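Put chain B on the given structure of chain A with help from the hints.
Here is how the chains run, residue by residue.
There are 2 protein chains.
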Amino acid sequence: MKGNIVVGQSGGPTAVINSSVAGVYAAAKKLGVNKVYGMVHGIEGFLKDKLTDLDDYLQDDIGIELLKRTPSAFLGSCRFKMPKIEGHEDVYEKVFEVMEKHDIQYLFYAGGNDSMDTVKMLSDYAAEHGKSQKFMGVPKTIDNDLPITDHCPGYGSSAKYIATSLKEIIRDNASFGAEKPTICIVEIMGRHAGWLTAAAALAKGPDCEGVDAIYLPERTFDVDAFMEKVKVLSETRSSVVIAVSEGIAMADGRFVCEINNENAPVDAFGHKQLSGAAATLAQMVAGKFGLKTRAVELSTLQRAGTHIASLTDINEAYQVGYDAVVAADQGKTGEMIILKRDNDEPYECGTSAYDIHAIANVERHVPDEWIGSDGCSITEGYVKYARPLIMGELVPVYVNGLPRHILCKEVIEYEK
Amino acid sequence: MKGNIVVGQSGGPTAVINSSVAGVYAAAKKLGVNKVYGMVHGIEGFLKDKLTDLDDYLQDDIGIELLKRTPSAFLGSCRFKMPKIEGHEDVYEKVFEVMEKHDIQYLFYAGGNDSMDTVKMLSDYAAEHGKSQKFMGVPKTIDNDLPITDHCPGYGSSAKYIATSLKEIIRDNASFGAEKPTICIVEIMGRHAGWLTAAAALAKGPDCEGVDAIYLPERTFDVDAFMEKVKVLSETRSSVVIAVSEGIAMADGRFVCEINNENAPVDAFGHKQLSGAAATLAQMVAGKFGLKTRAVELSTLQRAGTHIASLTDINEAYQVGYDAVVAADQGKTGEMIILKRDNDEPYECGTSAYDIHAIANVERHVPDEWIGSDGCSITEGYVKYARPLIMGELVPVYVNGLPRHILCKEVIEYEK
Numbered sequence: 000m001k002g003n004i005v006v007g008q009s010g011g012p013t014a015v016i017n018s019s020v021a022g023v024y025a026a027a028k029k030l031g032v033n034k035v036y037g038m039v040h041g042i043e044g045f046l047k048d049k050l051t052d053l054d055d056y057l058q059d060d061i062g063i064e065l066l067k068r069t070p071s072a073f074l075g076s077c078r079f080k081m082p083k084i085e086g087h088e089d090v091y092e093k094v095f096e097v098m099e100k101h102d103i104q105y106l107f108y109a110g111g112n113d114s115m116d117t118v119k120m121l122s123d124y125a126a127e128h129g130k131s132q133k134f135m136g137v138p139k140t141i142d143n144d145l146p147i148t149d150h151c152p153g154y155g156s157s158a159k160y161i162a163t164s165l166k167e168i169i170r171d172n173a174s175f176g177a178e179k180p181t182i183c184i185v186e187i188m189g190r191h192a193g194w195l196t197a198a199a200a201l202a203k204g205p206d207c208e209g210v211d212a213i214y215l216p217e218r219t220f221d222v223d224a225f226m227e228k229v230k231v232l233s234e235t236r237s238s239v240v241i242a243v244s245e246g247i248a249m250a251d252g253r254f255v256c257e258i259n260n261e262n263a264p265v266d267a268f269g270h271k272q273l274s275g276a277a278a279t280l281a282q283m284v285a286g287k288f289g290l291k292t293r294a295v296e297l298s299t300l301q302r303a304g305t306h307i308a309s310l311t312d313i314n315e316a317y318q319v320g321y322d323a324v325v326a327a328d329q330g331k332t333g334e335m336i337i338l339k340r341d342n343d344e345p346y347e348c349g350t351s352a353y354d355i356h357a358i359a360n361v362e363r364h365v366p367d368e369w370i371g372s373d374g375c376s377i378t379e380g381y382v383k384y385a386r387p388l389i390m391g392e393l394v395p396v397y398v399n400g401l402p403r404h405i406l407c408k409e410v411i412e413y414e415k
Numbered sequence: 000m001k002g003n004i005v006v007g008q009s010g011g012p013t014a015v016i017n018s019s020v021a022g023v024y025a026a027a028k029k030l031g032v033n034k035v036y037g038m039v040h041g042i043e044g045f046l047k048d049k050l051t052d053l054d055d056y057l058q059d060d061i062g063i064e065l066l067k068r069t070p071s072a073f074l075g076s077c078r079f080k081m082p083k084i085e086g087h088e089d090v091y092e093k094v095f096e097v098m099e100k101h102d103i104q105y106l107f108y109a110g111g112n113d114s115m116d117t118v119k120m121l122s123d124y125a126a127e128h129g130k131s132q133k134f135m136g137v138p139k140t141i142d143n144d145l146p147i148t149d150h151c152p153g154y155g156s157s158a159k160y161i162a163t164s165l166k167e168i169i170r171d172n173a174s175f176g177a178e179k180p181t182i183c184i185v186e187i188m189g190r191h192a193g194w195l196t197a198a199a200a201l202a203k204g205p206d207c208e209g210v211d212a213i214y215l216p217e218r219t220f221d222v223d224a225f226m227e228k229v230k231v232l233s234e235t236r237s238s239v240v241i242a243v244s245e246g247i248a249m250a251d252g253r254f255v256c257e258i259n260n261e262n263a264p265v266d267a268f269g270h271k272q273l274s275g276a277a278a279t280l281a282q283m284v285a286g287k288f289g290l291k292t293r294a295v296e297l298s299t300l301q302r303a304g305t306h307i308a309s310l311t312d313i314n315e316a317y318q319v320g321y322d323a324v325v326a327a328d329q330g331k332t333g334e335m336i337i338l339k340r341d342n343d344e345p346y347e348c349g350t351s352a353y354d355i356h357a358i359a360n361v362e363r364h365v366p367d368e369w370i371g372s373d374g375c376s377i378t379e380g381y382v383k384y385a386r387p388l389i390m391g392e393l394v395p396v397y398v399n400g401l402p403r404h405i406l407c408k409e410v411i412e413y414e415k
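As you go down the protein sequences, you meet chains A and B in turn. Numbered per numbering that gives the first Met the number 0, the first sequence spans residues 0 to 415. Numbered per numbering that gives the first Met the number 0, the second sequence spans residues 0 to 415.
Note that these hints are calculated values from the structure, not bench results. Don't take every hint at face value.
Pairs involving identical chains hold if they fit within one copy or between any two copies, as the list cannot separate such chains.
Below, computed lysine to aspartate or glutamate pairings styled on EDC-like, alpha-carbon distance capped at 16 Å [unchecked claim]:
| # | residue 1 | residue 2 |
| --- | --- | --- |
| 1 | Lys408 | Asp206 |
| 2 | Lys179 | Glu412 |
| 3 | Lys1 | Asp328 |
| 4 | Lys28 | Glu96 |
| 5 | Lys408 | Glu208 |
| 6 | Lys331 | Asp354 |
| 7 | Lys130 | Asp102 |
| 8 | Lys34 | Asp55 |
| 9 | Lys29 | Asp60 |
| 10 | Lys100 | Asp52 |
| 11 | Lys383 | Glu368 |
| 12 | Lys28 | Asp206 |
Keep in mind the model is a prediction, meaning the values are calculated, not measured.
Looking at chain A on its own, in the form it has when it is part of the complex (with noise of 0.2 Å):
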């Protein structure tokens, strides 16, 4: 590989993002780069010209370790949107200005659907302006909704995540079963696709229930039909767990969590900050059946639980973020790893690269045929599918009773 590379990191975190790095590191070293930048809070660093030198990192190798075992964007991310081309030129040559400087031949970007945008318009931009440099997409979002790849590094995680949780509050919750039903509703991320809240069907097993119902965004969300749900499981169980999508919303469009709160504050990419549909629902059966409720978010641990990670995940992030290297080293740009699976039992999946145009900004959602026909229900379909995804640990390093992580200096020094 001639010049140097950087990678980045974008978008929400994940729990094995950092393991991509790790992968892009490895390869970069053995194809005999020199220089290996990590962008600082993403392209929106890299625009002031935020670099770090991975080698201060990664050359001991303890450092790889603890790598894959941080949670949340080692380099820091951004949600930083690149412009249209058209009128905004100047982003776009700055960006190739800060690569030039630095020998940058190859960036990599590890993100979700908005991120592999910035992939897809640098791409586009290098081919229209007779750039010589490569851009690679390296795919990560634990939301699991990128077309094409068969699953998105990220989520894996956060399935077991989700799962574990799940089996706790499960136990928890009927611990008083004596007493009239506890009614648990525990919200899980998603705002408009299901794949995290469909985890929850991987709690059930011979140890544990599962729980009684799961509602997804790819469903328009009854209140009524929720309610006399709750009722008649309230009758039958003496404990009471229920999985929904922080983004259900109803027949008019309106979020659940907006029932109470109309007016939901609004990120950089224009999305609504979803929170509070399993409290909204909590004090909905409350109020309406006198029962005892209770309401438990996932927020942002179901994403940065790096303790109880995926050790298929774990891999796989850093395998997406080796082969992206390979794949640029062969001349491909504008492209992004996928993940292809090729058998579910033994698990054999590999990776390929693909057009990043037919990827960016494209949400592929839960199949109708995963989703029961209740409405509320996941089939075996799903947990074939998933299973596979949340299969093994890497044990973390303990010191102090807690697990180590790696910090970036350069980022938590990072000046506004």
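The following block gives chain B in isolation, referenced to the frame of chain A:
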């Protein structure tokens, strides 16, 4: 030991209360006890003669290992409060009737303040009525608020969960440092005592900035001072994470979570269900400063997170169960096993039996000298006290990618 024994679990479950059952079982078997019964759903189920034979689950030693790794109350719990003796002799007689029916000579009850009251009442009744049966308390509470004992089994594992989760939350929150700082407010259990919230101080280390402020219920919560603190932090930090106890209350006596919700529901012990302090404060901060905020409630996960339980805690929970049986065998009754720390470094801790009358219904708070003079920080004295309690891990038995638990059939099938 003559006759049979029974063990019950009561009050809010913990990550390690099942280890105490394992300890009781192991000691009883060692001492040649024939039948070791478990109360299904505590004294409430016992009054209905709902028992399980622990041989069915624990004779196989893999059963004991799974029990140590199973969160919440394996035997089911209850919040049943024994009535005062006068005028309710029938309730007490019923307890002895069930004991006699099964030739139960010893009763062990694992729980917190309220549950120790049950042990006190039953042993008082036995003394007053010339009954020979013995009653021993086994300490258990994540709240760590029992007096006399150095600490309470259950606390160390919750503290480990809280500190681990906060390390992950802090990394997650820091990833967006390129934007305006996000103010993340994390709500931790503890209605009057701040032990659990103090555990937030353990997150800090060479690989973690730690939380920026910690608010315990031991200090009156001043909303204006809090807002000023947030303002200063938001101007000097690119990420702000604050830990608050669910029980923080203002000078007028109202809980912070009651600011927007005057009529919090009340449980069987007359305790208000507290929840929403973080959400309330996050809303106030967002409204006043226009900053992005996030409220995270660690909720029941902090008491059910057995997958990351402290091995020290598991061993001590086992030991207090074991030693309660040994003490009863030596003729003790109306006492609770306490933990006596002999040394901090290396950590050494033994047990002893102590008069239950000095323990029941008494709440121990975080000592003044462990709370910083600013009222929102924790001193090194606390860290020195708490660090040994979170040390060590017991790796879960992973099956199909998830920690395996053990279920008690009689609890699952309990009929109202």
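Now for the hints, and whether the structure bears them out:
no.: 1; hint: Lys408 / Asp206; result: between (44 Å within a copy, 10 Å between copies)
no.: 2; hint: Lys179 / Glu412; result: between (52 Å within a copy, 14 Å between copies)
no.: 3; hint: Lys1 / Asp328; result: within (9 Å within a copy, 78 Å between copies)
no.: 4; hint: Lys28 / Glu96; result: neither (24 Å within a copy, 76 Å between copies)
no.: 5; hint: Lys408 / Glu208; result: between (46 Å within a copy, 12 Å between copies)
no.: 6; hint: Lys331 / Asp354; result: within (10 Å within a copy, 75 Å between copies)
no.: 7; hint: Lys130 / Asp102; result: within (13 Å within a copy, 87 Å between copies)
no.: 8; hint: Lys34 / Asp55; result: within (11 Å within a copy, 62 Å between copies)
no.: 9; hint: Lys29 / Asp60; result: within (14 Å within a copy, 49 Å between copies)
no.: 10; hint: Lys100 / Asp52; result: within (14 Å within a copy, 74 Å between copies)
no.: 11; hint: Lys383 / Glu368; result: within (13 Å within a copy, 55 Å between copies)
no.: 12; hint: Lys28 / Asp206; result: neither (46 Å within a copy, 26 Å between copies)
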